[in-house]
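Heads up: the sequence lines are chains A and B, in that order.
Numbering of the first sequence is given in the numbering used here, commencing with residue 135 and proceeding in unit increments.
Numbering of the second sequence is given in the numbering used here, commencing with residue 369 and proceeding in unit increments.
Worth flagging that the hints you see were computed from the coordinates, not collected in a lab.
Just so it is clear, CB atoms sit at the ideal spot from N, CA and C, and this is done for glycine as well.
Hints are supplied without guarantee of correctness; some may be wrong.
What the hints assert, rightly or not - Going by beta-carbon spacing under 8 angstroms, a handful of chain A positions derived as facing chain B:
hint : residue
1    : 180
2    : 288
3    : 302
4    : 386
Unchecked claim - 16 angstroms max Cα-Cα, derived EDC-like pairs, lysine to aspartate or glutamate:
hint : chain 1 : residue 1 : chain 2 : residue 2
5    : B       : 586       : B       : 429
6    : B       : 461       : A       : 306
7    : B       : 474       : A       : 306
Unchecked claim - Stretch-level coverage of chain A by chain B, calculated; a stretch enters the list once three of its residues show a Cβ under 8 angstroms from a Cβ in chain B:
hint : region
8    : 202 to 208
9    : 349 to 358
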Amino acid sequence: MKQSTKNRLYLLLPILSVLTLLAVFTLLSSQEGTLIPTPIEIWKRFWDMMTIQISKATLPVHVWVSLKRVLTAFVAAILLGVSLGVFLGWSPTFNALVSPVFEILRPIPPIAWIPLVILWFGIGEMSKIFIVFIGSFVPIVINTHSGMNSIDPLLINAGLVLGANRSQLLVDVALPATVPAILAGIKTALSGGWMCVLAAEMIVAKQGVGFLIVRGQEMGDMSQIVVCMLVIGIVNVLMSTCLTKLEGVLCPWQFKKAK
Amino acid sequence: MAVQKSKINLTNVSKAFATKDKTVQVLKGISLDVCENEFLVILGPGQCGKTVLLNIIADLESMTSGEIQFASGKPKMGQLGVVFQRYALFPWKSVMGNVEMNPKLKGVDKRTRRELAQKYIDLVGLAGYENALPQQLSGGMKQRVGIARAYASESDILLMDEPFGALDAQTRYQMQAEILNIWERKKRTVLFVTNNIEEAIFLGDRIILLGGTPTSVKKEYVPDLPRPRSYTDAGFYALRSEIAANTDLAL
């Protein structure tokens with residue numbers, strides 16, 4: 135097959151797959167007595183939700199409320215998570231001291247914290263933010279730590295013979311070498327955090343996409359549920375796309391290949 | 369050859385590594401002199417501890433026993449130029465960023481260190497590539513950056529650990545000629561480690577052959593061949609055969 139034909143095929147196939155999904159969806163949903171909303175119903179519901187307020191907010195506002203929780207928690211998780219990961223990787227003493235505690239807490243699913251967090255913080259913003267924090271903090275620490283541990287010892291030696299003292303070694307060699315791992319951690323953390331906020335909102339919230347889904351269930355409004363599910367997916371895709379772009383800016387050496 | 373000033377003196381340097389249930393003696397009683405501005409090649413089979421020896425001289429590893437004396441006093445970290453086999457360039461730094469690293473860490477102001485780095489970037493023939501990232505360079509060019517970076521430490525001693533070991537054969541020949549060319553223009557005391565006999569003869573003022581288990585100095589050769597040396601020269605070939613016959617085979 136010619137290269138140009140191949141390229142055209144690769145452009146066409148994704149469109150074909152989405153169209154097929156849509157066709158199957160339409161076919162199933164238009165059967166008599168099914169419990170699946172048709173694509174047209176979903177589309178209409180989507181436009182309604184853009185303008186009509188549910189619990190005092192339109193769909194974009196709900197998305198923004200959820201995003202704000204994620205981003206707030208996220209900033210805290212990055213600051214604390216990166217610091218903790220760096221220190222775990224940098225100081226064997228600190229690692230021996232802190233790692234056991236972290237290893238015990240680490241595998242607890244963030245959602246398991248919800249009851250306790252509600253008792254601590256009530257049902258306000260803080261409880262949601264805290265759940266997201268737990269969900270995104272852990273992958274950031276793990277990635278940063280393993281990134282620090284997998285720095286090429288040769289680069290450390292190079293830094294040493296070039297005369298770096300200990301703090302220069304950390305700032306000029308170890309940290310830049312760990313940036314790709316930190317970004318990978320942030321990527322994982324972002325989708326993790328996004329899942330956590332929805333879970334938290336589904337249990338207790340007055341606004342947010344997770345709340346909208348539960349409200350849809352209570353009202354028997356399947357279109358609303360599906361709209362929310364799609365929005366959740368799309369927002370996640372957009373966030374990872376932004377992060378991938380950021381990766382290209384922050385560590386071009388990971389991407390620029392030899393000419 | 370006239371009597372030359374000794375620059376580095378190694379006396380009975382030994383190194384043993386402790387593993388779980390035994391100690392492995394790697395280097396045993398290595399004594400040698402590196403003379404000022406000479407190109408000294410340390411030749412030895414793979415895994416014989418050449419890198420360990422160089423790391424000990426660079427103070428990256430400790431020795432079990434022995435003594436190393438520098439004519440100009442024991443250098444602090446950052447006062448020796450070191451070229452590594454796998455380049456060891458910082459991938460996030462440009463060519464300029466890599467070469468100026470040593471003066472930067474010393475706190476030299478930006479303009480002075482840029483000028484200094486530029487001088488050595490020009491010396492290794494990389495003018496025009498200052499802003500390129502290592503990733504964008506070929507193996508030979510990467511090692512040119514490594515050499516410029518070592519030169520930029522302004523040390524009168526350069527340690528080179530199989531610097532051309534990762535290059536393809538053609539580039540390797542080219543770089544061998546190039547390193548001599550650079551060294552002729554800016555003389556330094558060079559300690560060059562290799563496992564390649566031809567490379568050793570092509571480059572060295574003197575060749576120290578290592579061998580045995582644990583590794584010790586087997587023999588010293590002084591190639592009596594005018595530079596530039598030719599691989600196809602009869603004298604070259606004779607010396608090559610002599611050294612080869614005396615070399616332990618690496619497993």
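So, going through the hints one by one against the coordinates:
1. 180: violated (44 angstroms)
2. 288: holds (5 angstroms)
3. 302: Holds - the Cβ of residue 302 of chain A comes within 8 angstroms of chain B, reaching about 6 angstroms at its closest.
4. 386: holds (7 angstroms)
5. B/586 x B/429: Since the Cα atoms of residue 586 of chain B and residue 429 of chain B sit roughly 23 angstroms apart, the hinted pair is violated (cutoff 16 angstroms).
6. B/461 x A/306: holds (10 angstroms)
7. B/474 x A/306: holds (13 angstroms)
8. 202 to 208: violated (count 0)
9. 349 to 358: violated (count 0)
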